[in-house]
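There are 2 protein chains.
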Amino acid sequence: MSKHLTKRSEDYSKWYNELVLKADLAESSGVRGMMVIKPYGYAIWEKMQAELDKMFKDTGHQNAYFPLLIPKSYFSKEASHVDGFAKECAVVTHYRLKNGEDGEGIIVDEKAKLEEELIIRPTSETIIWDSYRKWIQSYRDLPLLINQWANVMRWEMRTRLFLRTAEFLWQEGHTAHATKEEAMEEAKKMQGVYATFAEEFMAMPVVKGEKSENERFAGALNTFTIEALMQDGKALQAGTSHFLGQNFAKAFDVKFVNKEGKQEHVWATSWGVSTRLMGALVMTHSDDHGLVLPPKLAPIQVVIVPIYKSEKQLDTIIEKMNPLINDLKAKGISVKLDHRTTHKPGWKFAEYELKGVPLRIAIGGRDLENNTVELARRDTLTKQTESQEGLAGKIEVLLDEIQNNLLIKAKQFREDHITKVDSFEEFKEVLEKKGGFIAAHWDGTSETEEKIKNLTKATIRCIPNDAKDEEGVCVYSGAKSSKRVLFAKAY
Amino acid sequence: MSKHLTKRSEDYSKWYNELVLKADLAESSGVRGMMVIKPYGYAIWEKMQAELDKMFKDTGHQNAYFPLLIPKSYFSKEASHVDGFAKECAVVTHYRLKNGEDGEGIIVDEKAKLEEELIIRPTSETIIWDSYRKWIQSYRDLPLLINQWANVMRWEMRTRLFLRTAEFLWQEGHTAHATKEEAMEEAKKMQGVYATFAEEFMAMPVVKGEKSENERFAGALNTFTIEALMQDGKALQAGTSHFLGQNFAKAFDVKFVNKEGKQEHVWATSWGVSTRLMGALVMTHSDDHGLVLPPKLAPIQVVIVPIYKSEKQLDTIIEKMNPLINDLKAKGISVKLDHRTTHKPGWKFAEYELKGVPLRIAIGGRDLENNTVELARRDTLTKQTESQEGLAGKIEVLLDEIQNNLLIKAKQFREDHITKVDSFEEFKEVLEKKGGFIAAHWDGTSETEEKIKNLTKATIRCIPNDAKDEEGVCVYSGAKSSKRVLFAKAY
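So the sequence lines, in the order shown, correspond to chains A and B.
Going by our numbering, the first residue of the first sequence is number 1022, and it counts up by one from there.
Going by our numbering, the first residue of the second sequence is number 1022, and it counts up by one from there.
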């Protein structure tokens, strides 16, 4: 496949699609709307999973696994949930195929029709709360802090790799608590965990905030979100954490005996992030040369490319590099020595640039003489010559520096793209010409939100946690408002 | 739930079901044939996954992810595969529900009927080889060594927790090679990886062998298996590795240009183990008191139960145990201090026995005076008093000893239950009275195998890799045979 990428400035959307394919992250499958996550892409997802899983466990959660298929009737039990999720979904109606007559191949066996249709989970609140009824009797059984890593399916009409696919991978936390306060605290805590993960590992700054009623999860009383900003000025909802009140406990009749011996309904949260984060990662840092990966999530952190004139020189280089490789591995740094003779160094340079390897080491004949190497940073595309003495230590420092630099750059971009506006004219102008988040006063009504969305395609991304009290008037209706919220066009 | 377990000698099957429920490993869900894997059970599965994943990566494999749903027509492409897998399966026929009239709730929207039905993957050869066609062009693209961790579904009529469920979790390796020899070597190598995992981590000895034609995977030319023996004398197929020849490459038109510039079809393997291993683990070691877990797979390796007369004494005990806890954690040993005041020590003893925690530490007033603790081994149910001096080191040694002891015990049981028989009368008698593996001569025909199965319910579990050449006659037909194979009743 050609390494040529469409430039971001030419067509951002095309650039993204090409990059995901050319960097070998994922591709469309033969099944409508479903993707294949290729090994290089999956390796990044595995790193995300490992870090998140650790953070979940450190905050007291345990993993479990619940069924893929959910009876149709479960969805009907929670009124707002069914509207949000049970409509566009994959429906299992039969459990057997048979050989058709006249060589027509295998066909559905009409005798094997299910009495009740089963839905491939779009999210698991219903099946999980159906279990929790059996697990929770007393306050001693609470809190129940459970997470599931799973595949889910939502029958999307327009799909894009990672960003919106019919099937995607995610984790979904589902917790049960004795009090409203504790559930609310949990929902906010997990929003914090997501924000920390996004910043520390993805080097992706996020705004923590609360969703407006229109944008809440179907069945939630509050939805807390982390919102990231992509390079094209569009926002991306990177993770959400929901305070579900007692909605699911009531729908599935989950009660506990409190310390005073009285029965009460349980309080709930749910929270999730998905392979959508892969799309966010790509769109936060990458450039016209290809992927740029933060070192903490890069499957290969350092690649060594020998530049040699003879097999013998290649052998010398490999021998010279072995101690460095061992030193790096001892520090937990993943390193690849690409000694393939089937590809030229220049081809390899382009390949690892495309794949976003944070640091490239080139070593040739002159380096052998001078006891040096050439280090190239993927984030800045700068090169420097370094002595081989103490190189592993220098590389360790450099990787940290790259990780930090990516976050600083992304933060700067984000700061540059939060614009305060005080009129609807300005709102539309900024949205069209600059993009990014627009901090504007809003009157708090769904009606206004809806109208702004219809006129501009911008939605309220969140009411930021740190929004300051400020007297103002709604940018659309002119009604009074006490704080600014963030609008943006979004993925 | 009562801790009382049915005895194995009374009703092995009932004992198993009760144990899985009472030890909190898994339970049935509200969806027919599908289980919920509870946190304690899932924690064991996670440990299995982590070790296997490391072994796969150490042998050069990478993870990837392919779609859950497979178009019906894909199955028809490989003739024997469709017979084996496409029949009893979950069929997705529609992609939307709608509100019914007259308050009948949500119903299937007949307008949203799929043109071609989609099958929930029972195994992924077809969808994966459909991708491999795009990934493989040249010998340089080979070998392709990929593994997937996934859920799969087979519509089983009679289900049992872990052993046979409609949905289960597994890993499936799918590799592509340039030569027959290399593919065969890979298939055998993965059989070896599985055997090593079973013995080293599960403390479960297995027989490595080859399946007879009747018992092969649908679409395979050879199936290599690891067969374990449960305490009731029944065999359990714990993992299989298949040499698929060029069957799938031909069905999905996957060719490569070899070094000589000629096009050839690719050679394939696939291999898998599943949550069935959880059932095998339970049935290999557990006893009438509950679960017995090998330390290497135990979510909690050591539990500390304080025996106290006052809150103050409890505090003293906790304080005393903190350095030990830190020492154990530093050694990578997972330890839980159960200081709950809501449950009595005796209740806790029974609880951790039921849950198979390998080592229990009890510490009370007299121990405080004497600077001792009481150590109780779950495998032998023996107790010993130990000084608190250097305790972490002793525990580390003891855990190794327990791990080894479990393997030795299971090996002994297996050796005691491989019986050579030379007549069909003896075959039937041993099968009924003693169970286990029966090493008998077989004439090599499917016909004889089928007849023996119909008469005795015993099947050929495998032709062991280490079967010795030995002149003999088939136990059923009297025809000549050159080696013994292993028969058994099986899960």
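Hints are not guaranteed to be accurate.
It does not matter which identical chain is meant; a pair holds if it fits inside one copy or across any two.
Derived BS3-like pairs (lysine-lysine); straight-line CA-CA distance at most 25 Å [as the list claims (entries may be wrong)]:
| hint | residue 1 | residue 2 |
| --- | --- | --- |
| 1 | Lys1280 | Lys1369 |
| 2 | Lys1068 | Lys1317 |
| 3 | Lys1119 | Lys1489 |
| 4 | Lys1369 | Lys1155 |
| 5 | Lys1441 | Lys1376 |
| 6 | Lys1333 | Lys1276 |
| 7 | Lys1376 | Lys1472 |
| 8 | Lys1155 | Lys1376 |
| 9 | Lys1317 | Lys1078 |
| 10 | Lys1075 | Lys1350 |
| 11 | Lys1043 | Lys1155 |
Just so you know, these hints were derived from the structure itself, not from any lab.
Computed from a predicted model, the values in this text were never measured in an experiment.
Structure-based check of each hint:
1. Lys1280 to Lys1369: between (66 Å within a copy, 22 Å between copies)
2. Lys1068 to Lys1317: both (8 Å within a copy, 24 Å between copies)
3. Lys1119 to Lys1489: neither (65 Å within a copy, 43 Å between copies)
4. Lys1369 to Lys1155: The answer is between: 22 Å across copies meets 25 Å, while 57 Å in one copy does not.
5. Lys1441 to Lys1376: neither (37 Å within a copy, 59 Å between copies)
6. Lys1333 to Lys1276: Neither: 75 Å inside a copy, 35 Å across copies.
7. Lys1376 to Lys1472: Classified as neither: same-chain Cα gap 42 Å, cross-chain 58 Å, threshold 25 Å.
8. Lys1155 to Lys1376: between (48 Å within a copy, 19 Å between copies)
9. Lys1317 to Lys1078: both (19 Å within a copy, 19 Å between copies)
10. Lys1075 to Lys1350: Both. Shortest intra-copy (22 Å) and inter-copy (16 Å) distances satisfy the 25 Å Cα cut-off.
11. Lys1043 to Lys1155: For Lys1043 and Lys1155, the Cα distance is within 25 Å only across copies (13 Å; inside one copy 49 Å).
Hints 3, 5, 6, 7 from the list above are not met by this structure, while the remaining hints are.
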